[in-house]
Amino acid sequence: MAGLEDLYREIILDHYRSPRNRGELPAPPAHRVEGFNPLCGDEIVVFLDVVDRVVVDVKISGQGCSISQSSASMMSAAIKGHTVEQARALVRSFKSMMSIHEAHLGTEDGGTEQAAGAEILGPDSLGELAALQGVVKFPVRIKCATLSWNTLTQGLDEIESEAAAP
Amino acid sequence: MSASRTADALALDPRALRADFPLLSPERPGGRVVYLDSAASAQRPRAVLDAMDEYYTTTHANVHRGVYAIAEEATRRYEQARVTIGRFVGAPRPATEIVFTKNVTEAINLVAYTWARKELAKGDAIVLSEVEHHANIVPWLMLAEERGIELRYIPLGADYHLDLSDLDKLVEGARLVSVTSASNVLGTVVDLAPIVAAARRAGALVLADGAQLVPHRPVDVSLLGVDFFGFTGHKMLGPTGIGVLWAREELLEAMPPFLGGGEMIRDVRLDGFTPNELPWKFEAGTPPIAEAIGLEAAVHYLEGVGLDAVHEHEARLTAYAIDRLRSTYGDEITIFGPEPDPVRRAGVISFAFGGVHPHDVAQVLDTKGICVRAGHHCAKPLMRRLGVGATTRASLYLYNDEEDVDELVRGLGEVHKLFG
Ligand SMILES: Cc1ncc(COP(=O)(O)O)c(C=O)c1O
Numbered sequence: 000m001a002g003l004e005d006l007y008r009e010i011i012l013d014h015y016r017s018p019r020n021r022g023e024l025p026a027p028p029a030h031r032v033e034g035f036n037p038l039c040g041d042e043i044v045v046f047l048d049v050v051d052r053v054v055v056d057v058k059i060s061g062q063g064c065s066i067s068q069s070s071a072s073m074m075s076a077a078i079k080g081h082t083v084e085q086a087r088a089l090v091r092s093f094k095s096m097m098s099i100h101e102a103h104l105g106t107e108d109g110g111t112e113q114a115a116g117a118e119i120l121g122p123d124s125l126g127e128l129a130a131l132q133g134v135v136k137f138p139v140r141i142k143c144a145t146l147s148w149n150t151l152t153q154g155l156d157e158i159e160s161e162a163a164a165p
Numbered sequence: 000m001s002a003s004r005t006a007d008a009l010a011l012d013p014r015a016l017r018a019d020f021p022l023l024s025p026e027r028p029g030g031r032v033v034y035l036d037s038a039a040s041a042q043r044p045r046a047v048l049d050a051m052d053e054y055y056t057t058t059h060a061n062v063h064r065g066v067y068a069i070a071e072e073a074t075r076r077y078e079q080a081r082v083t084i085g086r087f088v089g090a091p092r093p094a095t096e097i098v099f100t101k102n103v104t105e106a107i108n109l110v111a112y113t114w115a116r117k118e119l120a121k122g123d124a125i126v127l128s129e130v131e132h133h134a135n136i137v138p139w140l141m142l143a144e145e146r147g148i149e150l151r152y153i154p155l156g157a158d159y160h161l162d163l164s165d166l167d168k169l170v171e172g173a174r175l176v177s178v179t180s181a182s183n184v185l186g187t188v189v190d191l192a193p194i195v196a197a198a199r200r201a202g203a204l205v206l207a208d209g210a211q212l213v214p215h216r217p218v219d220v221s222l223l224g225v226d227f228f229g230f231t232g233h234k235m236l237g238p239t240g241i242g243v244l245w246a247r248e249e250l251l252e253a254m255p256p257f258l259g260g261g262e263m264i265r266d267v268r269l270d271g272f273t274p275n276e277l278p279w280k281f282e283a284g285t286p287p288i289a290e291a292i293g294l295e296a297a298v299h300y301l302e303g304v305g306l307d308a309v310h311e312h313e314a315r316l317t318a319y320a321i322d323r324l325r326s327t328y329g330d331e332i333t334i335f336g337p338e339p340d341p342v343r344r345a346g347v348i349s350f351a352f353g354g355v356h357p358h359d360v361a362q363v364l365d366t367k368g369i370c371v372r373a374g375h376h377c378a379k380p381l382m383r384r385l386g387v388g389a390t391t392r393a394s395l396y397l398y399n400d401e402e403d404v405d406e407l408v409r410g411l412g413e414v415h416k417l418f419g
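Here the protein sequences come in this chain order: A and B.
Number 13 in numbering that gives the first Met the number 0 belongs to position 14 of the first sequence; there are no gaps in the numbering.
Number 121 in numbering that gives the first Met the number 0 belongs to position 122 of the second sequence; there are no gaps in the numbering.
In short, the hints are calculated from the structure, not lab data.
Don't take each hint at face value.
Unchecked claim - Here are the simulated lysine-lysine pairs, DSSO-like style, with alpha carbons at most 30 Å apart:
id	chain 1	residue 1	chain 2	residue 2
1	A	58	A	79
2	A	136	B	379
3	B	379	A	58
4	B	101	B	117
5	B	101	A	136
6	A	136	B	416
7	B	379	B	117
Based on the sequences and whatever the hints tell you, model everything.
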């Protein structure tokens, strides 16, 4: 059986205790998107300020467990200041790290995942996010870890489809 | 049966009972578990597993069909289970008034789809409470959307009991009052008497969700005075896949059938059908035969221990648990539920612990072999009312003892160490 230390790495607890980019952005101009984990009632709100395809600011609010909160916190730190493309590449890499079990849990977005044919970065390139790797040993917690990432994807999709609209 | 009833008190020995439950054995592959999640689903004694096994091994055939001996025997045993289970909850006419369903959720849906869709029209009102399980909210929300029915809610009071002060006004003009008999989150035991009385004055029928009451206390549907009563097998030591709806015979007679198919008809023509008699009118398709027999065995087991003894044991253990949690953790723990009370409180203890998310609490406890529930417990409106997203919930049953509670208290110490 996997031990608690696989799950609750020090860096995860650090992000949980002092979450980065916590708060809200005025929306609009920022884009506000909500995610829910119907299993446990956790909710997350991601605020994205995207200018010229760059995520210039991001804030996270909502409530959740240490895994969902720390994952969101690390995600916000990792995408802030990066382009939408980089953010999406990071989503792919993160989700592929989580996908060992999630494939069985059924994801809504399995189709789009491989479609872009873009490169998937290995755990090395995920930086401190790699600390969340231990979550895959606790299948019910994978949804906690991916909640903010699915919400981010939804937000980026919405921003792009709004931009594409005439 | 390992239970013993002494002359002076209704004593129950949880350790001895535990020996009847294979999953709770210290020799369980994977180690002993401290099982504190019976409000979600209880464990089964060997007697239940044996009864089902024995049925499949010796008797199984489809019921109400074959003329051969084992088919007749299967039918007899299925119908006998109905009577045993009906008598257990005081049904005056168990052979006709007990309808087997998949679970209590289906029992409530049955009433929503048959009685309510026949009787209720736009503008009619149904009264629920703020503490209901989704099983007693969503079927009515679906009906409300479809028919323009008004839903009203009995509010939760500051003492974690239903606030009945405006009850007469709430039920005025309502057609149905549908409430739980005990909360699966708060442990609140609902005092149905004033609710039934108010409903009577208003001319409304009453449905009580007995999922959290029947496993833990003697229940008599006639004494309760309700019109519809549902409960679920897996929370009362029985198998999954079986639940029960009881309703007064004249109500069942007047209700249209629920699902259509075999079993539920007396005659079928190309242009129509005649429904079967009670209770089969509501049991389309091959029923849960082995499950009914398993549930009957669970009822016999509970009767052997004695529901009064179960009740008394749980009341004492609940008071012990709340006291231990509070005296050990003080302000760090918030218990969402009424103060210990042998009548008005059941052994469901929901709490918030030191700002740690319930998922994290339950995860740490799991590493100590302690099974508690973390989440919204299928009662999201109540979670919103309590101002939390989720709670940690420990629930007690006849096989739990002080040692289990002590393990929980110790386990929370580990949570505190990691997250505190
Ligand atoms: C009060 C209450 N009602 C209804 C249910 C639903 O039970 P089932 O899932 O067996 O239909 C439950 C169980 O979770 C419950 O506690």
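Results of checking the hints against the structure:
no.: 1; hint: A/58 <-> A/79; in the structure: holds (9 Å)
no.: 2; hint: A/136 <-> B/379; in the structure: holds (28 Å)
no.: 3; hint: B/379 <-> A/58; in the structure: holds (26 Å)
no.: 4; hint: B/101 <-> B/117; in the structure: holds (22 Å)
no.: 5; hint: B/101 <-> A/136; in the structure: violated (33 Å)
no.: 6; hint: A/136 <-> B/416; in the structure: holds (22 Å)
no.: 7; hint: B/379 <-> B/117; in the structure: holds (29 Å)
Hint compliance for this structure: hint 5 is the single one not met.
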